[in-house]
Amino acid sequence: MSTAILTGQPVPGSSIEGDLRSLGFDVRVAVDAADAERLVAEAPCEQRVALVDARFVGHVHALRLGLTDPRFPLAAVPGAVTAQPEGRVTLTRALARDNSAGGGTALAVDSLPDRIVTALADDGAEVYRPELGSLVAAVPADPQARNEARQAVADVDDEAVRLKSAVKSRDGFFTTHFISPYSRYLARWCARRGLTPNQVTTASLITALIAAACAATGTRGGFIAAGVLLIASFVLDCTDGQLARYSLQYSTLGAWLDATFDRAKEYAYYAGLALGAARGGDDVWALALGAMILQTCRHVVDFSFNEANHDATANTSPTAALSDKLDSVGWTVWVRRMIVLPIGERWAMIAVLTAATTPRITFYALLIGCAFAATYTTAGRVLRSLTRKAQRTDRAAQALADLADNGPLAGLLARVARAPLGAPFLVALAGTVVLAVALFSGVTWAPVAGAVVYAIAAAQALYRPLKGALDWLVPPLFRAAEYGTVLILAATADVNGALPAAFGLVAAVAYHHYDTVYRIRGNAGAPPAWLVRAIGGHEGRTLLVTVLAALLTASQFTVALTVLAVAVALLVLVESIRFWVSAGAPAVHDEGEPA
Numbered sequence: 001m002s003t004a005i006l007t008g009q010p011v012p013g014s015s016i017e018g019d020l021r022s023l024g025f026d027v028r029v030a031v032d033a034a035d036a037e038r039l040v041a042e043a044p045c046e047q048r049v050a051l052v053d054a055r056f057v058g059h060v061h062a063l064r065l066g067l068t069d070p071r072f073p074l075a076a077v078p079g080a081v082t083a084q085p086e087g088r089v090t091l092t093r094a095l096a097r098d099n100s101a102g103g104g105t106a107l108a109v110d111s112l113p114d115r116i117v118t119a120l121a122d123d124g125a126e127v128y129r130p131e132l133g134s135l136v137a138a139v140p141a142d143p144q145a146r147n148e149a150r151q152a153v154a155d156v157d158d159e160a161v162r163l164k165s166a167v168k169s170r171d172g173f174f175t176t177h178f179i180s181p182y183s184r185y186l187a188r189w190c191a192r193r194g195l196t197p198n199q200v201t202t203a204s205l206i207t208a209l210i211a212a213a214c215a216a217t218g219t220r221g222g223f224i225a226a227g228v229l230l231i232a233s234f235v236l237d238c239t240d241g242q243l244a245r246y247s248l249q250y251s252t253l254g255a256w257l258d259a260t261f262d263r264a265k266e267y268a269y270y271a272g273l274a275l276g277a278a279r280g281g282d283d284v285w286a287l288a289l290g291a292m293i294l295q296t297c298r299h300v301v302d303f304s305f306n307e308a309n310h311d312a313t314a315n316t317s318p319t320a321a322l323s324d325k326l327d328s329v330g331w332t333v334w335v336r337r338m339i340v341l342p343i344g345e346r347w348a349m350i351a352v353l354t355a356a357t358t359p360r361i362t363f364y365a366l367l368i369g370c371a372f373a374a375t376y377t378t379a380g381r382v383l384r385s386l387t388r389k390a391q392r393t394d395r396a397a398q399a400l401a402d403l404a405d406n407g408p409l410a411g412l413l414a415r416v417a418r419a420p421l422g423a424p425f426l427v428a429l430a431g432t433v434v435l436a437v438a439l440f441s442g443v444t445w446a447p448v449a450g451a452v453v454y455a456i457a458a459a460q461a462l463y464r465p466l467k468g469a470l471d472w473l474v475p476p477l478f479r480a481a482e483y484g485t486v487l488i489l490a491a492t493a494d495v496n497g498a499l500p501a502a503f504g505l506v507a508a509v510a511y512h513h514y515d516t517v518y519r520i521r522g523n524a525g526a527p528p529a530w531l532v533r534a535i536g537g538h539e540g541r542t543l544l545v546t547v548l549a550a551l552l553t554a555s556q557f558t559v560a561l562t563v564l565a566v567a568v569a570l571l572v573l574v575e576s577i578r579f580w581v582s583a584g585a586p587a588v589h590d591e592g593e594p595a
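Note that the numbering used here has the sequence shown beginning at 1, numbered continuously upward.
Treat the hints as calculated values from the structure; they're not laboratory data.
Being a predicted model, the structure only gives us computed values, none of them experimental.
Positions of the beta carbon are idealized from the N, C-alpha and C atoms, including for glycine.
A hint or two may mislead.
Unchecked claim - Across the chosen pairs, the derived CB separations fall in these ranges:
1. 121 / 10: 35 to 41 Å
2. 441 / 221: 42 to 48 Å
3. 523 / 491: 37 to 43 Å
4. 1 / 371: 50 to 56 Å
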């Protein structure tokens, strides 16, 4: 249990002590500042501790936002300050310095928590201050101010604000208008029954897997049930995040589950549709794999562009200015959010088409929609990159290098060839084009030669820091090249099982690349070097697959793809689970536009 220490003169009839207890705090009362310092020192080191002015008047949710959010070591609202175990030393030091400076003599007049917040700011400590909006949090100086503050509290519905803030501030059209109006109440229902966001996330995954199983039956009834269940899964997917924001139950494990399960649900559903189509005599595995590759590459474009530019200096451009201007016109905001086909619109389209049409039509529509969205977003970002005068940081360049996923072969080639061949993006593009031409040449060993050139290009592309205007496109090019190679060679094999095996391999490798993204976004660095070496890097896997396709028969190639998929999946899953469960990485929750 956390500890809250009330300071200052008590106010008859105040509800502050009960409010703190309702938030899970064990409440202690300090007679003066020195006593507050003693109580802070006595509180168990592994617990959160808070200093709260006894004269505080405000909404319970304002206290909840300021004192219980697990993401921040130090946080404060007017009249209250809190520290998690990692921030306790900083808080104790500020409190001791305030006492030694004679701050205790002002305890009856001034607010000790507010003085401590000022001291923390003077020390350069980061103190999180939540945006309260219409919520009230104040320390009235006199009875009249207290009465006015109490009236302000009564005028605002605390629960309504809490429900509204549970919804993402920026979301897609379908989610905003067709899901969130009722999913927020489902989130509250879950909170009141003690359910956690992780449990809801797991329920969403299970629902999506059942939907995939229904689609795999290949019957019209199965397709209709699959569409309904896919929407139900998306409702739960929205609910878990809203529950986390409603009850402030953020966690490292929860952030990882929420991010990875979205991809697992969607791609498992693609597989279910392909299996269902096969039962009806229609082979759409190539379309399913193509949809997964296109969607994954879209995400890599998003991640790479954001990582390249989020901390860049002089980060302005005419294109960005036009985008900001369009944001002031309400209807354009919704149109632009819809045409990028975010997860809500995408899943709604897939669900409706599954129930009403065939898997082939569903995949055609998905591929066309995602291709248009990818072209729209990528073109806009290229224009921004070419017109802005941004100075990319070393941290951004390293993030792009980590996203590139070069392996030991590229490292060896980089050491052999000492001189760079050209700009990183152009080198990567040239290598990708050579590989593509070789794959479509029809000559047995041409893909192997193309893969060798591609590996050399991969080494050269990362010879210099990725700080060029278009160097953020290097990771997406590598993803498209590797995944496309597996797709083309499996399709060329023209044997039952080759494309499903390729689907499994790409899914395993894509998971590794998503995991890399989430680690970087959490400032936890790239996956360990041993893992990248063990699974070969993108250039090593690409070369290996082309060699296997040239040496083996079609049936043997299918078995090799299956074995490779299982090996990669086991390695990346075990390491990923170990890291996210035990490494204590930051909890990163996406509050931006959904993918």
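Hint-by-hint comparison with the structure:
The given range of 35 to 41 Å is broken by residue 121 and residue 10, whose C-beta atoms sit roughly 28 Å from each other. Judged by the Cβ atoms, the range 42 to 48 Å given for residue 441 and residue 221 holds: they are separated by roughly 46 Å. As the Cβ distance of residue 523 to residue 491 is approximately 40 Å, the hint placing it in 37 to 43 Å holds. For the pair residue 1 and residue 371, the supplied restraint of 50 to 56 Å holds, since their beta-carbon distance comes to about 54 Å.
Of the hints listed earlier, the one the structure fails to meet is number 1.
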